[in-house]
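*Asks:* Given next are the chains, with one letter for each unit.
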Amino acid sequence: MFSLESLTTIVHIWLNKTFQPNLALLLEFVIVGVLAITLFAVLGLVLVLMERKVAAWIQIRLGPNRVGPKGMLQSLADTVKLMMKEGLTPDGADKFLFNLAPYIVMISAMMVLAPIGFAKGFQIWDINIGVLYVSAISSVSVIGILMAGWSSNNKYSLLGAMRSGAQMVSYELSVGLSILSIIVLTGSLSLNDIVLSQQNGWWIFKAHIPALISFVIFIIAVTAETNRAPFDLSEAESELTAGFHTEYSGMKFALFFLAEYINIFIVCAIGATLFFGGWMPLHIGSWEGFNHIMDYIPSSIWFFGKTFFLIFLIKV
Amino acid sequence: MLKEELTIIIKELLPNAVIEEAGEWLNFSLEATEFKQAALQLRNFNQMPFDFLFCLTCIDWKTHFTMVYHLRSKKTNDNIVIKVKLNRDIPEIDTISDIWRTAEFHEREVFDLFGIIFLQHPDLRRLFLTDDWVGYPLRKDYDDPINMIKL
Amino acid sequence: MKTMVEEIGKTVEGDLIINVGPQHPATHGVLHLVITLNGETIKNVEPHLGYIHRSIEKMCESLSYRQFIYSTSRMDYLSAHINNHACSMVVEKALQIEVPARAQVIRVLMDELTRIASHELWWGAMAMDLGAFTPFFHAFRERETINDIMEETCGARLTMNYNVPGGVMADLHPNFVTRVKNFLKLYKLKIHEYDELVTGNIIFQNRMKGVGFLSAEDAISYGVTGPAARGSGVSCDVRKHFPYEIYEQLQFDEILETAGDSFARYMVRLREMNESIKIIEQLIDMIPEGDFQAKTKAVLKLPKGEFFQSVETARGELGVYIVSEGGTTPYRIKFRSPGFSNLSALNHMATGEKLGDLIASMGTLDLVIPDIDR
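First to last, the sequence lines map onto chains V, A and L.
According to the numbering used here, the first sequence is numbered sequentially starting from 191.
According to the numbering used here, the second sequence is numbered sequentially starting from 2.
According to the numbering used here, the third sequence is numbered sequentially starting from 748.
By construction, these hints were calculated from the structure, which means they are not laboratory data.
Just so we're clear, the structure is a prediction, and the values are computed from it rather than from any experiment.
One thing to keep in mind: the hints can contain errors.
Only some residues are given here: those of chain L computed to face chain A with a beta carbon under 7 Å [claimed, not checked]:
| hint | residue |
| --- | --- |
| 1 | Leu796 |
| 2 | Tyr969 |
| 3 | Gly970 |
| 4 | Pro1050 |
| 5 | Gly1052 |
| 6 | Ser1088 |
Under 7 Å between C-beta atoms, here's a sample of chain L residues computed to sit facing chain V [stated by the list, open to error]:
| hint | residue |
| --- | --- |
| 7 | Ile765 |
| 8 | Phe887 |
| 9 | Leu1047 |
Heads up, the beta-carbon is just placed ideally off N, CA and C, and yes, glycines get one too.
Start from the sequences and build out the full structure, keeping to the hints where you can.
*Replies:* Structure (structure tokens):
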């Protein structure tokens, strides 16, 4: 049956057969890196288009419909536009920090990807403190945002960055606590163990009220952490023009923009893993026949389906 | 309230006021020196406090300025108009921005466009025009050959 | 005379001065606020005006009594028709022109349509200020219908220029009645969405309630009029207190709220739209036949004297004050614009609150910048 696990195993064995082990490991790093960046690029394009189309539907208008079939290539065109634009650095800015900030935000978003299981046996790094790692690294991005706000030498940016910092620090607590309830139920910090523990039912169904409460808290808190409306205080379009990235333009702005969407994807992936069993198909207790039928749907589809469902939930 | 009744009341309150016959509402003029005192009296008039200053402006009569204050009593919905004649060479009058706070902006506007000095105004600066603007545009003798289009 | 630089120089150490505007998404125009902040708490709001000052008052001094009316469309462009109405009325008052009944009804109908259109734009724009983007489009759906009606009858969508001294410029378009009825139907079908989308939203309520408080005494002292003052419980509707045209014969309520905060002002405007609908419903079936314009001389000469006329625009009391020397042009014109007085209360309302609350206060004052600058 089609499975991403067999694919990775084949590649792994072939690389080790052809090259010496060290080189093979290095090549695997490169492949993973390229795949991660590709995933991000594609995700960015898809998520932006998704948001614009859904928003347009709610706002009784058409949304992008000119570039490509039904406007599918609109975000691609936007990316090209952003790349062609000049990345301005303001005169009064701290040049080094100003240029560093978008990369820190982007890199911290990329690093969180490591322990997430995309499909059965398809995981970059099965780290045994996965949950801890995720909450630790995702807090790093706040440094990038503060850096961007401070180094811009713009008062709007500074206010936006401070708000963002304060908001992230305070909502990190609620996210941590809501995650904790699942860790208590599982007894492991590893994301892989958490997925496997949901073999006979997802936590959201299995753990009744505690999981439901923590799920609601989780969804609200991560909305705040990713600075989405109605928690978009740090960007607060109407008061602070654009918050911490007021002074950014061109590709540097695009990196912030992309990082925001990646962060949404990641928190939703974490939410899907913790509460909806990650790549685990819908299993109900001891209904062997039902579980077996569900297993026919590839685990990657389960994972992405759940993640996009949560993204939809957060955005709307 | 009829204009005649109002005239009697105002005459009692402000014996120095010179009542004008014309106009839709009760018009009367005061001397610049006694204006502030009269304004306070009108504001604190128990029977009908004139608490709403709905218009404050100035007219340039080429020989002199006239400040025009439109007052309304929210209690009885009566309007009165006070006029104060000002010397064109020394256009100075007491501020009333401490009595009706809306006057702070209106007086700044009048200062900006007519050049009337409001004594004891907390923040008398130009409002619309730039700080280094020369002249007062709404005066009749103001001339700007570049920006003004005469029909 | 203090310049801006000195003013900034006198601030205390640790204060942050930010310039909101002249290019800023929340000011809806070229309003420039110099805000002194302590952390995020506002210490002082200082408006710097004049970015769109055209000196309409000076311009009017060289325009004839038929012409000057249309320069006021450019003041409060959202209630252009009501501004024109005020100017026409002051000329009619001076010349004692009897306006035909049909013209009066048409004018009031247009006034109320303008008021609804203005309030709908305000509703959408204010929700957008607070971060909700969707209401803007929903508001425009209904507003476009009104603009279409205007376009058909007046020939323009925003600056209608439909009033002339003595009546209106042209008769109603034959489609007018049916289109207005269609609009009424659409409005009643959709109005509940306004409450569902915004009013009932808990986030919205938390951002509005208790924010930008203005007491009744302060509202009077600052000369605040219109919905902004009625939210503080000050009864100031010119249509009720000094009725003009046929408002005296119409059944409608003056909306009053007593809370004095942003939410009260919001509710006043929202409910005022329903009152305007009520007025339109009363008039739409009984537009009298007859002339739409009184016979007037080609060149109007106002008698010597002073004339004042107030009307209730969507933002408050607009007063037109004309000093005539008996010629064909006014000697002096003063527009008492509602936005100008309303703005003066902003500092009082916002001081001591957070920066985000300023946006709510400013949104519910419904500032239109050309109306302030003139």
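*Asks:* Which hints, by number, does the structure contradict?
*Replies:* 4, 8, 9
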